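Top line first, the protein sequences correspond to chains A and B.
Counting from 1, one number per residue, gives the positions in the first sequence under the working numbering.
Counting from 1001, one number per residue, gives the positions in the second sequence under the working numbering.
It should be emphasised that the hints constitute simulated quantities derived from the structure, not laboratory data.
Only a predicted model underlies this, so the values are computations on that prediction, with no experimental measurement involved.
Using N, Cα and C, we set each Cβ at its ideal position, and we do this for glycine too.
The reader is advised that the hints may include incorrect statements.
What the hints assert, rightly or not - Here are some of the chain B residues that sit facing chain A, going by a computed Cβ distance under 8 Å:
{"hint": "1", "residue": "S1102"}
{"hint": "2", "residue": "K1202"}
{"hint": "3", "residue": "S1234"}
As the list claims (entries may be wrong) - In silico DSSO-like links for lysine-lysine, alpha-carbon gap of 27 Å or less:
{"hint": "4", "chain 1": "B", "residue 1": "K1051", "chain 2": "B", "residue 2": "K1204"}
{"hint": "5", "chain 1": "A", "residue 1": "K24", "chain 2": "B", "residue 2": "K1280"}
{"hint": "6", "chain 1": "A", "residue 1": "K45", "chain 2": "B", "residue 2": "K1237"}
{"hint": "7", "chain 1": "B", "residue 1": "K1146", "chain 2": "B", "residue 2": "K1202"}
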Amino acid sequence: MARYGMVIDTKKCVGCQDCVITCKTENNVPEGYDRDWIVTESYGKFPDIQLEIRTERCNHCSNTPCVSCCPTGASHIHDVGGVVLVDHDLCIGCKACVEACPYDARFINPAGYADKCTFCIHRVEKGLNPACVEVCPTYCMHFGDLDDPNSEVSKLLQSRKHHVNLPDAGTQPNIFYLI
Amino acid sequence: MHEIFTTRNNPHVDPFMAMWEWQIPVYLFLGGMVAGMMIISGYFLFSGRHKESNCSCFSIPLTSIVLLSVGMFALFLDLAYKIHVWRLYTTFQFKSPMSWGSWILLLVYPALIANILIRPPQWALSRVPKLSDIAGKIQQHPMLVKNIGILNMIFGLMLGAYTGVLLSTMGSRPLWNTSILWVLFLVSGLSAAAAFVHLIAKNKAESELLAKADNGFLVVELFVFVMMFLGLLSSAKPHIEAANLLLNGAYAPAFWVFVIGLGIIIPLIIQLLAVNHKIKHTAIAPIMVIVGGLILRFVIVSAGQYSHWFNTHF
C-alpha cells in the first residue's frame, strides 16, 4: 500500500500563504478557520540569526492518536495512501480527536464535525496533486508515495537533511521538512 | 531569542487549546462522584448494612441516577454534532476510552436500577404497587442482594477509572498523560461520594463511618498527587512544564487554594477533629470536599489542554 506524504523545502518557502488561501477555496473551509497555515520560527541573536518558514497541516501520521481515540470510527485511515480522514456522517463532534492531536491540526467545523487537511484526496484519487502543492509559486512543496524509493519525495529525503514536527510525540508524521 | 509565530487562528484551538469547556469537567466530576456512590452503596449491600432501616444505601442509587443523568446531559451539550449521538452505540472502538465509557454507562444504569429495586422509595411504591412484590422477592435472596452490591462496586470502579483514563490516554497533553490520573479521579470521586453520603446519612454510625472513610480518601488523594507530580517532574520537559502549570504557574492559585487547601487540607482537619469528638459534625467540611472535587476537574481539564509539546527545531 502506498504511504502518501509531503516533503517541504524550508529553504524555498517564503510564507506567501498561497497554499493557505488555495486550500480554503478548494475545500470550502469556513471563514476564520485554517486547514493549513504558515509557521515562522526564528532563533539566535543579531547578526547570527536563523529563520525557518514552513507551511504546516495535518501530518497524516502513521501512528494516529486521533484515530485511536475516536469513539465512532469517524476518524479513520483511508485505504488510499494511508491518508487520515474524518467521515462526517459518523462524527459526533466529541472533540476527542482535536485534543488528541499534538499538532493541534484539527478544529470543529461550524457544521459540527471534526475538520482537517485531507491531502485533497478528491484530487489525488484523480491523479492530481493536492491544491496547496499545485499552487506553490516557489515549488517548495512535493507530494508522493514515501514507500516508493523512486518517487520524487523519497529521492528528496535521501538527498537532503530533513526533520519532522514533534518527533518526540511518537506519531511518526508523514510530512517532512528539508533543511 | 527564540520565537515561533503562526498564522493559524482556529477558534478554541489557538492561541491555546480550549476545546473542552465547562461541560466536560462537570461530567467528569459527576461521573466520578456517582462511581464513588456506587462503590459505597455496593459495599453497604455486600456487608449487610442494608438490613438497617435507615441505611443511606437506599437513597444513594436514585440520587446517583439523577446526578449521572445530569452529567451525561452536560456531555451531550458538549457534542458539536448532537443529532449524531446515537452513533456511539453503532460500534465499539477497542482503543477509544470514550467508546468504552459510553458502553460502561449502559451497564451502570441497570446496576443502579437493580440497587433501587431492593427497596424502592415510598413515592414510587405508591404509584407502582408491583414494585413492592419485586423488592420482596429480591430481599428473600440475600445472595442476590450481595451480587447486586458486587455489581455496583465493579461498575462503579469501571466508571470512576474511565473518567481518568479518558484524559490520560491523550499523549498530546503532557499534564493528562500520566497513568496515575485514573487513580486520582477515582479516589477524588470516592472522597466526594463519601462526603455526599456523610451529608445525607440519617444513621449516625453510618455518618461517622463515612467521615472516617472520607479522611482516608483525602489522605490517599494527597499521596496520589505527590506520586503524580514526582512522575511528571522526572519526565520530559513538556511534562515538567505541565506539572509547573499547577505547582507555580498560571493554574497554581486555583490548584493550591481551592483544590489542595479548601478542598482537601482544611476539610481533612475539620473532619479529623469531628471524628475525634473535639468538634461537632457540620455540613461545612463535606461541602468543601465536594466543591474541591469539582474544581479539581476544572483545573485538570483546563491546565491539561493548555499543556503542550514544543514544536521547535533550533
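Structure-based check of each hint:
This hint holds: B:S1102 has a C-beta 6 Å from the nearest C-beta of chain A, less than the 8 Å allowed. Taking 8 Å as the C-beta cut-off, the interface hint given for B:K1202 is violated, the closest approach to chain A being about 40 Å. Residue-level restraint check for B:S1234 is violated (minimum Cβ-Cβ distance to chain A is 16 Å; threshold 8 Å). Taking the CA atoms of B:K1051 and B:K1204, the gap is about 15 Å. The hint holds against a cut of 27 Å.
The straight-line distance between the Cα atoms of A:K24 and B:K1280 is roughly 66 Å, outside the 27 Å bound, and the hint therefore fails. In summary, the hint linking A:K45 to B:K1237 is supported, as the alpha carbons are separated by about 24 Å, within the 27 Å threshold. A hinted pair counts as satisfied when its Cα atoms are at most 27 Å apart, and B:K1146 with B:K1202 qualifies at roughly 22 Å.
When the structure is compared with the earlier hints, violations turn up for hints 2, 3, 5 and for no others.
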